[in-house]
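> Spelled out, the chains give:
There are 2 protein chains.
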Amino acid sequence: MKLIGKALIAQGGGPTAVINQSMAGVIDEARKHDQITKIYGALRGVEGIINEEFIDLTQETSHNLEQVAHTPSSALFSTRVKPDENYCKSIFKVLKAHDIRYFFYIGGNDSADTVHIVSEQAKLDNYEFRAIHIPKTIDNDLLVNDHTPGYSSAARFVMQAFSGINLDMRALSGVYIGIVMGRNSGFLTASAAAAQNFPDDGPHLIYLPERPFIIEHFVADVQKVYLQHGYCVVSVSEGIKDPSGSPIIVSLLRDIEKDAHGNVTMSGTGALGDLLTQAVKEKLKISRVRSDTFGYIQRCFLGCVSDVDQKEAREAGENAVQFALSNSCDGSVTIHRVGDYVVEYRMTPLAELAGKTKHMPDDFINAAGNHVTNAFKDYLRPLLGSNLPSTNRLKAPKVPKILKVNT
Amino acid sequence: MKLIGKALIAQGGGPTAVINQSMAGVIDEARKHDQITKIYGALRGVEGIINEEFIDLTQETSHNLEQVAHTPSSALFSTRVKPDENYCKSIFKVLKAHDIRYFFYIGGNDSADTVHIVSEQAKLDNYEFRAIHIPKTIDNDLLVNDHTPGYSSAARFVMQAFSGINLDMRALSGVYIGIVMGRNSGFLTASAAAAQNFPDDGPHLIYLPERPFIIEHFVADVQKVYLQHGYCVVSVSEGIKDPSGSPIIVSLLRDIEKDAHGNVTMSGTGALGDLLTQAVKEKLKISRVRSDTFGYIQRCFLGCVSDVDQKEAREAGENAVQFALSNSCDGSVTIHRVGDYVVEYRMTPLAELAGKTKHMPDDFINAAGNHVTNAFKDYLRPLLGSNLPSTNRLKAPKVPKILKVNT
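Chains as they are written, first to last, in UniProt numbering: chain A, 1 to 407; chain B, 1 to 407.
By construction, these hints were calculated from the structure, which means they are not laboratory data. A hint or two may mislead.
Where chain B lies over chain A, by a calculated footprint (3+ residues, C-beta under 8 angstroms) [said to hold, decoys possible]:
{"id": "1", "stretch": "57-63"}
{"id": "2", "stretch": "72-81"}
{"id": "3", "stretch": "90-99"}
{"id": "4", "stretch": "161-167"}
{"id": "5", "stretch": "291-298"}
{"id": "6", "stretch": "301-309"}
{"id": "7", "stretch": "396-404"}
Yeah, the Cβ is synthetic: ideal placement off N, Cα and C, and Gly gets one too.
One chain only, chain A, in its complex shape (with noise of 0.2 angstroms):
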């Protein structure tokens, strides 16, 4: 039997590139089948849904929707709020009296675990609807998927970023640390490998929160290649850990802040870049070193987009509709790469992703810790896009010396 009512669609965590294009997946998909009513959207995640701040994403326009898909960041606003048992019978109340029977909720394994707890709240009450979990974080550390919407775009930026700094660097030489978000999975992070386009462009050092981070290794590994090539660019993940598996920016931070989570913050502050640099300069006496926190430039930068993340972004939600409306069960929408280069949607179940990580597998990372293989360059590559934009150097030949002043 058809189950007839209304949808409502929200989205939590942090915000992506491509997270509007999952949500205008839904709404377009949605309004296809009669058996749902109507499409809601609950402003600011679970946070709109118990103070009932909806929008009826019935009355938008097409050609609207289409431009807020290409639009970065949660055109629904998101919230941190991680729901507990309470919070979701206040929630029910909520989805009882509006009659919504479909839920679906754009986000990170965070919001998985919100999605599995209102599921499972719903059975206990008998209430029949489907909730439904469509992935999206630039961290890419959901388990089950390939990987998740909102990664390929961010990687696309941080690619395109150290592709200019390494050639700013290799113009005036130094040494560059850019700090890259990724609390726990190094995916973001090393996605700046992809703008090693000669063999001796950075990032020529790639340090995860996989693998301990020793500050002492840290040093020599730029010493090394920065009297190798004169310059020295490195991609550092904000999450790296020292041996002991605490970050090293925690020991940076007197008042550590912590977000309804329990996570610590650890973007927008320069001092874990600060303190590598201050390293390099004191130990190596290299006088040019310079850091950038990537932080908040990174997860939406508007125009900086891969078409292949917008497509699958898209994609998501759409398939998100039709498995609420052809399986008997919720879940997650994951993606599966199949072929060279496909993928697939497929239906799983919540609990075998919500709430857990996803790391860098060790076929990823090289023996000394410091950089990618090619098995993640390959992984990485049709994620990014096409129209990747490329760089290029001189091939003139040297001219013979005729003074020789200084030899």
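Position chain B against the provided structure of chain A, taking the given hints into account.
Then chain B, alone, in the frame of chain A:
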């Protein structure tokens, strides 16, 4: 009588996204004139000259040259060295030995000063040659010019970054402080204003080196915006100064690092952003306050370029050759806005801009000194180039509440 001999091209100072367009413009144009017998490139600016580190650009293929023209950063590498009289005497020995009669130096006001010294030295030495300065700087701080190649692309990057950040902060609330390059001139920091699409979009506040920065006023401004909009996005120049004219960042850095021109290094550290973040957190009790220092990401980002900027950088290079051949004086190629939007390239005596700094004119800054005027937005708009991405919002109406649990 025609001056016959070789041409030498060099690039100085910080790189830009279009500096190689100017180089390609010189090469392309020079190849059309027999009196220029060969075209050399000096590696690492004036350093490359005294060390005779030349490459023979005459042997560069057209296709590769075009690819390099589209590659950001200085393909001939750069230098921060500023020649004194002795340094210039060494330069002349080399110029004479290689029969170089045309010298094209692409750079900012320090490079213009170098060209000026070299030009004067040539007259003293009675050595017949042409020394031409081609403008380049993301800071847009060259006198006489309406604007300079390199600025428009960096401005486009800053605009696209703030567009994304505005949406990010709008989705999750809080205060964001973006530190943008600009030691003494606020043009680049001010370009964030182009990100304002809807009237309540950020950046809501902009602080420039042209106005004294008083931290109490800054905190009060942030509070006012935050109460009005629920979030606040701020663009701050790295070069903001206290009422005595001393840069805020100087008092923050124990060991002040200066480059060869006596300039304090302001980029490559998150210290200023962290200071302002701390002030807002402590005084306003707002928990979510984030800061990023744009640093080196902004000036050579691969794939974010203004086509207007590309064209003008190219034309500046081409005009440099034309002026060198048809005028019998040295000078700087300057860009003048003569229509809406049309520019003209002129030859300006080096003394008029060498070593000097252009600031934001008063009518580009609002009365409160915390934002720009529409006059500035009108000035900036045509420079950003075509196909500028924009942002959109959902327009769906609110759904009436049923339970009103929380009201």
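> Of the numbered hints stated earlier in the document, which are not met by this structure?
none
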